[in-house]
Structure formats: C-alpha cells, structure tokens
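Reconstruct the complex from the two isolated chains, following the hints.
Here is what each chain is made of, one letter per residue.
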Amino acid sequence: MSATQAVEPLQGATAEVAVSVRDLTVRFAGDAGDVTALQNITVDIPAGGLVTMLGPSGCGKSTLLRAIADLVEVSGGEISVLGKSTGEARRNRDFAFVFQDATLLPWRSAIDNVRLPLEVGGKSAVIKAADRPEDLLELVGLAGRAQALPHELSGGMRQRVAIARALICRPRVLLMDEPFGALDEITRDKLNEELLRIWQETGTTIIFVTHSVPEAAFLGQQVLVLASHPGRVRELVTVDLPQPRKLSVRDTVDFMRVAAHLRSLLESC
Amino acid sequence: MASVSDTGPTDAATTDTERKARARRLAWSNRLPPALAVVGIILAWQGIITLFGVPSYISPSPGEVVATLISQAPNLWRNFVPTALESLAGFVLGNLVAVLIAVAFVHNRTSERAFYPIAVFVNTIPIIAIAPILVLIFGNGYTPKVIISGLICFFPTLVNMVRGLRAVSPQTLDLMRVLSASKSEIFWKVRMQSALPFLFAALRIASTTSVIGAIVGEWIGSNVGLGALIIEATYNFRSSLLYATVLMAAAWAVTLFSAVSLVERRLITWKPGSVH
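From first to last, the protein sequence lines are chains L and W.
Under the numbering used here, read the first sequence as residues 1 to 269, first letter to last.
Under the numbering used here, read the second sequence as residues 1 to 276, first letter to last.
Bear in mind the hints are in silico, worked out from the structure with no lab data behind them.
Please read all numbers here as calculations on a predicted model, not as lab measurements.
Careful: at least some of the hints might be erroneous.
Covered stretches of chain W, going by a simulated chain L footprint (3 or more residues, C-beta under 8 angstroms) [unchecked claim]:
hint, stretch
1, 158 to 164
2, 176 to 185
Here are the computed distance ranges between Cβ atoms for each label pair [what the hints assert, rightly or not]:
hint, chain 1, residue 1, chain 2, residue 2, range
3, W, Ala114, L, Gly181, 38 to 44 angstroms
4, W, Val81, L, Arg91, 53 to 59 angstroms
5, L, Glu185, W, Leu173, 26 to 32 angstroms
6, L, Thr36, W, Arg166, 29 to 35 angstroms
7, W, Ala251, L, Glu152, 34 to 40 angstroms
8, L, Val35, W, Ser182, 28 to 34 angstroms
9, L, Glu185, W, Arg109, 40 to 46 angstroms
10, W, Arg166, L, Ala143, 52 to 58 angstroms
11, W, Asn108, L, Val35, 28 to 34 angstroms
12, L, Gly181, W, Arg31, 46 to 52 angstroms
13, W, Gly47, L, Glu152, 49 to 55 angstroms
Derived, one-sided and incomplete: chain L residues facing chain W with beta-carbon distance under 7 angstroms [to be verified]:
hint, residue
14, Phe28
15, Gly30
16, Arg91
17, Phe99
18, Thr103
19, Trp107
20, Leu118
21, Gly121
22, Leu149
23, His151
24, Glu185
Think of the CB as a built atom: it goes at the ideal place given N, C-alpha and C, for glycine as much as any other residue.
With the rest of the complex left out, here is chain W (with noise of 0.2 angstroms):
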C-alpha cells in the first residue's frame, strides 16, 4: 500500500489510487482498536487458564475450543442447520405478522384499542415459561422453536412499526389531502416510507433475538440443535464443546445482524431525521 502512494500524484489515476489508499488506510485505523481488544482478552483468557492452572471441565482455553471447533466440525454443522432454519423462519415469521399486524392497528383504531393489551400482555410472559408450553402444544418439532424465534421478534417490532407509520407529519398529510391521494397511495408512498427506519431499528433487534428464541426452544425439547448441543454438553461436562456451540450462535447472531444492516444501508440512504 505506501508503494502506491509513493509515485505521488503525478496524474488524475495517481491521485484516485492515493485517495483509494488514504481510505483504506482510515478503514484499518478504525478497526485495529476493536481487533487489538480481541486478541487481547483471548490471550488474557489463555494466561489466566495456564497461570492458574484451571481444569478444562470448568473452562477450556481457547486453543482448546479451536481444536474443538475442527474436530468436532461435522457435529456442530449437524447442529447448527436446524437452528439456523428455526431462527430464520421464526424472524420472517415474526416480523411479517407484527409488520401485518401493525398495519391493521394503524389502519382500524379500534382493531388496536381491542388487540394491544394482549400483545403487551404475551410479550410479558416470559418466553422461558412460553417454551413448555409450545412443546406441550406441537411436539418435539421444528413448530415450536420456529414459534417462540417469531415470538420474541415479534413484539419490538410490532410496537416500532405501529410508531413508524404514524411517524407522518400533519402537513404532510395535508399535501395528500391537497393532491387528493387515496388512503392506499399514502399508505404505500408515504406511510411505509417514513416507517422504514423504524422497521430496520427493530429487526436489528430481532435479528439477535430470533437466534436466543431458537435456541431456548430447543433447550425444552429437542435432541438436535445448538440449543440441545449446549445441554448435552454442558450435562457431560464437555465445556470446550460448550465453548464452541456458544460461538456458533453468535456467529450466526452476528451474521443475521449484518445482513439486515446490510439492507438498511441499501434500501434508507435518506436522512431519517429529515422527515418533514
């Protein structure tokens, strides 16, 4: 990279090639802080592990959980699929009905006065007491993780959009009124526009929570899965596979999460906070 901007700006490429590098550079000089914390608190985690002399059962270093990771690469796929089909379907799942859902309340007053408390009160109970329930209802299947994965999505979402499609200035609407739009034209030229940053801050969430409702799932009643690999692992004390099983769902955590930041980037290049 320094041989390029060596040539020094001779021509318009040279320069373009030298601002390509400068912005390169920035880019590794904003990620060098987290990357140099990583490796810091693995190798904190390695020292502490052979300085205290800590028994593998209770936690594994991490050269430990790398080798598991390879070694026990065929089991933890095995696992890992339905999990991730589980939290992928639960958060379309989820989010569709809330985003339909929310589409009703703003559209029918009433439908909202009638339905909002027992969202609220659904979204009390806590998921874990949820799951038995489920399990009890549809078995040792996909349905139910699929179910409480869409569960926990569902309600962040449903109150974010609800507010986004409210999110309409008054004047706004009078310039419909003026331009004599139909209720379907401000629904789809307005409404879901302005309500769109408000979706993608709460499938952020759900794109997190979908794989913990999987996982708690399978935690109830299931023989394969993340979830039921972190019981079966945790029970025989294998903890580098336990290790290994957590970093599994929060890479795929994380890989959920990019994705939908990935799209918001794409679909909202607009300033949110311009909304007029």
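Next up, chain L with everything else stripped away, as it sits in the complex (with noise of 0.2 angstroms):
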C-alpha cells in the first residue's frame, strides 16, 4: 500500500458516523436449536461513506444489512442510524433498501414504481422533501422508459428502476443486498460504475453487500469481511484507491494488491 499516498484521507476518521453498530448479535431459531447469525459485530460506517460488505456465503452479511434496515430482529447489541434507532429511522425514511431482485410491483409502470414510496407509511414531511420521479428516471438513466411495465424492461433496467424508488425520499444511508448478483456480467460493471458516479452526486452514505471480490474493491472505501460460523469481523480494510474510479482501475497493480488481500481474508474465513 506505499503508492497511495496521494489520496485524500478517509472521512471516517473525523466525519460523523451514519451507522453504528454496537456488539450486535442476532440469533435465529432453528430446528435443531438456535442459530447465531452474528455474533458481536462492532463497526462503524462513516457518513457520506461506501462501505462494501464481503463474506462466504452464510456469514450472516445479508442479515447485518436487514439488521441495520429493521427487518430482523436483534438478540443483543445496539444499531443506531443517524443517531436514532433503525425503527425511528425506518419510519423517517432516513434509509432506502435496495434488493438482489428489482422487487418492482409488476403492474405499475417504471414512474409508478418510482413513486410508491410517496403513497405508502406517509409521512408528509419525508414525501415534500421527495424528489421528482422523472429527475430520478433520468439520474439512473431511464428517462425514456417512465410509462415501460417491469416486464417490458431488462433485468438492469429494473434494478435501476428499483435504484431510483430507493433514492426517492433522499435517503441519508442506501442498504444494498447484492443488488447486482443477479445481473450479467457487462452489466454489473456498468452498473457499478454508475453507482460511484450517484454516490458521488447524492452524498448518500451506502452500504453494499456482494460476494464478488473485485466488486467489493472497486466500490468500496472500505470492505467490511466477514467470517462465517457465527458471522463475525475478519477486518475492515480499507481501499486507497482513487477517486473518482473508472472501470480500468481494475487493471492497475494497486487493485489487485486489494483484492489479492480480500481474497487472502476470505480464504482464512
């Protein structure tokens, strides 16, 4: 890591916290007795930050992540988003969940889609400060397609539907769960590409779950690894790589030092 002295500094080190988690600890129910799904997780996301979350399968990255949004229930431990409790903020509309499916209703249109945030949990104060949804269509690049049904749109278009139904109420934090596994390869690095370039105009703070390694380094400032059996912190490590990032980045020594590391991390897991 001795050539990325020129890089600017983290903004972890002095700026606010978005999220903080607290020796979290979730345990699940099973049939042969409880399952711990993570077990003392202590980290913390700066805002403004993008911090990629990498793990062999099942170690419990998903469940951190609908930890943070308030969709699974805490055994121990605390999480706090912006200062308030995941259910405060959930309801604030302070974070947006972006899933590995589009997660679009099949029978509205994109805008519709777009737009359901305003018509549901309302808050009026959070849905005045929304957005418009064709400014949102545009930024994910789908200005054309407003009135397309899901159905009638590729899988990327559809998760850039779902991008832009994510950033609707200006989310202070964006919760990603793979959302470009599913996805073909060319299209995931454009997509990626294009998510830097959001991340850089909106500010938002955005938490990333992948399993791909170079993915991981390429977006993120720092990647939180976990290790499975109970999912736990192998290292928060971060990238000094520059910013803003091209794709050719991954063709440079210093990234595949990074994901050399990752991988090393990963196998040890």
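Okay, here's the thing in structure tokens:
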C-alpha cells in the first residue's frame, strides 16, 4: 500500500458516523436449536462513505444489512442510524433498501414504481422533501422508459428503477443487498460505475453487500470482511484507490493487490 | 381488402392501412378453422338426420332448431330473462361473498382454520342435493336459484382468491416494511393487485357455472326460466324446443364468459408471471 499517499484522507476518521453497530448479536430459532447468525459485531459506517460487505455465503452479511434496516430482530447489542434507533430511522425514511431482485410491482409502470414510496407509510414531511420521480429516472438513465411496465424492461433496467425508487425520499443511507448479483457481468460493470457516479452526486452513505471480490474492491472505500459460523468481523479493509474510479482501475497493480488481500482474508475465513 | 394492399407502400399512411389489412387477414385465418369446424359439424348433423331418417322427437335437424328459435322467440325470451337475471345475481353475490371471506381468511388465520373445512364440506355436497333443500326453505321464487347459482361460483373463487392474496413475495413485503407501509396499504397496493389474475381465473369458471346453477335451481321448482323450459320440452317430446333452449343457455354462458375475459384484458395489462 505504498503507492497510495496522494489519496484523500478517509472521511471516517474525522466525519460523523452514519451507522453505528455495537456488539450486535443476531440469533435465529432453527430446527436444531438456535443458530447464531451474527456475533458481537462492532463497526462504524462513516457518513457519506461507501462500505462494501464481503464474506462467504452464510456469514450473515445480508443479515447484518437487514438488521440495520429493521427487518431482522436483534438478539443483543445496538444499532443506531444517524443517532436514532433503526425503527425510528425507518419511519423517518432515513434509509432505503435495494434488494437482489428489483422487487418492482409488475402492474405499475417504471415511474409509478419510483413513486410508490410517496404513496405509502405517509409522513408528509418526508414526502414533501422528496425528489421528482421523473428526475430520478433521468438520474438512473431511464428517462425515456417512464411508462414501460417491468416485464418490458431488462434485468439491469429493472434494477435501475429499483435504485431510483430507493433514492426518491433522499435517504441519508442506502442499503444494497447484492443488487447486481443476478445480472450479467457487462451490465454489472456498467451499473457499478454508475453507482459510483450516483454516490458522488447524491452524497448518500452506501452499504453494499456483495460476494464478488472485484465488486467489493472497486466500489468500496472500505471493505468489511466477515467470517462465518458464527458471523463476525474478520477485518475492515481500507481501499486506497483514487476517486472517481473508472473500471480501468481494476487493471492497476494497486487494485490487484487489494483484491489479493481480500481473497486471502476470505480463504482464511 | 385486396384492393387496399394493391395500392402499394407509397407513403406512411398506405403502409399503415396495409399493416391493418394484414392484421385483419391474420385474424381471419385464425378464425377460419373453428368456423369451418362448426359448419362441418352442423352439416354432418343434418346429414345424419336425413340419411338415417331420425324422427324429430328424438333429435331435430339444425334447420328445425333454427325454425323453432324464430317461431318460439317470444316464449324463449320470456324464459330467458329470469335465468339470465338469476345467474347474474348469483355470479355477483357468490363471488362477492367469496372475495370477502378470502380477505377475512388472509387477514385472520384463525378464521381460516375455523371456516375453511366448512367451506370444503359445503363444496362436496352435490349441488343437485342442495337445490331441493333451498327450494323447501325459500319457495319457488328467484331466491333459491340465485343462492344455488352463487353457491356454485363460491368455492373456486374462494380458493383462488386466498391463493392470490397470499401470492406476494417475501421480498415485496420486506420492501413495504422498509417503507413503513400500513397493513391496509399493503392490502390495497399489493395484495389486491397481485390477486387479480387469480380472481379472474376463478371468475371465468364462475361465469359459466353460474348459468348451470340457475338452471339446476329451476329444474327443482319453477314454472319459468330456461331450466323449467328444458323440463317441459323434454316431457312433451318437443326436442327442437329443447335444443333451442339449450342453445340460449349456452349463448348466455358464452356472453358472460366473454364479458369476464374482456374486463380481464382491460384490467391486467401486465405479465402475472413476472411477479417478484
């Protein structure tokens, strides 16, 4: 990591914390007794940062993300999002979630899907502060397909609509659970690059779960590597690659060094 | 039609009319085989009657049936209207109750556990056996026929609607939770919509069975209606009237079925298979 002196200092050191996880434990009731999915996780996600979560399948990376999103019951420890409890943050629309499937309502056009968050869970203050659905479709490059139904869109386009929907209430934190996992590599590369652009344009904190080492290294300012059985933090790796990143950065020696380091961590998990 | 396409693609308008003409030709070529099949069957029917000299009280010829349809038109119409109204009322009522009960079932598991076996039990009783009971209770009026017609629609719609309301992916429910959506918002924005294809599958079945229900009701106890006319025509060996009556009943069922299909096409423009 000697070739990375010129890089801007990581915001995490000085800036405020967006998501703080303290000593988090999550247990599920299974057939053969309780299963510990996550054990004593402690991590801080800096505001405005982009942190990717990487780990072998079953390490609980999705569970951690879902716990932050108030979708999973916490067995012990604490999570706070912008200083609030997860439930409060959810009701306040402080975070948004992007699933692996686009999870669009198939009977709604693209623009109506983007509009969905404005129609439910009514908090007028949140909705007043929201962006225009048209602008968000433009942000994700789908301005011309506003009236298209989900089945008329490709997988990548559907995921773009899902991202636009997630961004409509201007969330401070964007939680993404393997959003590009089901896409082909070319589409995934393109969306990776666009996600970085959107991140820089919006300044949203992003937590991004993936099982792809190149994706984790390319997107993340930091990579949180988890180990499995039970899920715990293996290491929080800082990726000192220059911003803004282009896909070509993946051919540099620095990038390969980071990727190799991540791989060695995964192997020892 | 040929003259339209012969003008050639000189401008955009011509190509448009040409495309329409081609679509019309395609529609015709799609409809031709079934039309030919129907004509063939009618001709064969007429042929067999003439060839074997079948007496008309056993089976009338198509010509006789058409003649009866015309000569008996006022009589047929007088009996058609009650049957049509009964089946329509039964269709609306039976499906409405089924949808409401399905909503209750999905809303409350206990109510489902309590009443689902009863619904299954009622469904297993042959409708022919229920009809006399209802006639005894409600008399000879419209009521028992509407109830029988509704009852026959009820079960398929209940089963399908329960399935449809539950056919929401866990991920969609997660999404709604992240959005802090209320239970009623989830119901109206997600469950009802995703249940529509299931509902219409049941309504297609119900559209034809509701007519059967009304006719069965009329068999048991009635002086008017297509069902009563069927009984009367049979006992008096007026076979061409019987056939004409059956045709009327079938035509009404097809009308209801087409109406349901039309509404379905208007309402469901999305691909139900793509529900995630």
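Evaluated hints:
Restraint check on the stretch 158 to 164 of chain W versus chain L: 0 residues with Cβ-Cβ distances below 8 angstroms, three needed, restraint violated. A count of 8 residues in the stretch 176 to 185 of chain W with a Cβ less than 8 angstroms from any Cβ of chain L is obtained; the coverage claim is therefore met, three being the minimum. About 43 angstroms separates the C-beta atoms of W/Ala114 and L/Gly181, a value consistent with the hinted range of 38 to 44 angstroms. At about 57 angstroms, the beta-carbon gap between W/Val81 and L/Arg91 stays in the expected band of 53 to 59 angstroms.
Distance hint check for L/Glu185 and W/Leu173: the Cβ-Cβ separation is about 31 angstroms, which falls inside the suggested range of 26 to 32 angstroms. Evaluation of the 29 to 35 angstroms hint for L/Thr36 and W/Arg166 yields a pass: the beta carbon distance comes to about 31 angstroms. At roughly 38 angstroms, the beta-carbon separation of W/Ala251 and L/Glu152 lies within the given 34 to 40 angstroms, and the hint holds. Look at L/Val35 against W/Ser182: about 32 angstroms separates their beta carbons, and that is inside 28 to 34 angstroms.
The hinted range of 40 to 46 angstroms is satisfied by L/Glu185 and W/Arg109, whose Cβ atoms lie roughly 44 angstroms apart. Separated by about 36 angstroms at the C-beta atoms, W/Arg166 and L/Ala143 break the suggested range of 52 to 58 angstroms. A hinted range of 28 to 34 angstroms for the beta carbons of W/Asn108 and L/Val35 is consistent with their spacing of about 31 angstroms. Our hint of 46 to 52 angstroms for L/Gly181 and W/Arg31 holds, since their Cβ atoms are close to 47 angstroms apart.
The hint said 49 to 55 angstroms for the Cβ distance between W/Gly47 and L/Glu152, and at roughly 51 angstroms that hint holds. At a threshold of 7 angstroms, the smallest CB-CB gap from L/Phe28 to chain W is about 15 angstroms, leaving the interface hint violated. Hint status for L/Gly30 relative to chain W: violated, with the closest Cβ pair at about 18 angstroms, above 7 angstroms. Annotation: interface hint on L/Arg91 holds; nearest CB of chain W at approximately 5 angstroms, less than 7 angstroms.
Because the beta carbon of L/Phe99 sits about 5 angstroms from the nearest beta carbon in chain W, less than 7 angstroms, this interface hint is met. Because the closest C-beta pair between L/Thr103 and chain W is about 5 angstroms apart, less than 7 angstroms, the hint holds. Below 7 angstroms, beta-carbon pairs count as interface contacts, and L/Trp107 has one with chain W at about 4 angstroms; its hint therefore holds. For L/Leu118, the shortest C-beta to C-beta distance to chain W is roughly 10 angstroms, which exceeds 7 angstroms, and the interface hint is violated.
Using the Cβ-Cβ criterion of 7 angstroms, the hint placing L/Gly121 at the interface with chain W is satisfied: the shortest such distance is roughly 4 angstroms. This hint holds: L/Leu149 has a C-beta 5 angstroms from the nearest C-beta of chain W, less than the 7 angstroms allowed. Because the smallest distance between the Cβ of L/His151 and any Cβ of chain W comes to about 4 angstroms, under 7 angstroms, the interface hint for this residue holds. Because the smallest distance between the Cβ of L/Glu185 and any Cβ of chain W comes to about 22 angstroms, over 7 angstroms, the interface hint for this residue is violated.
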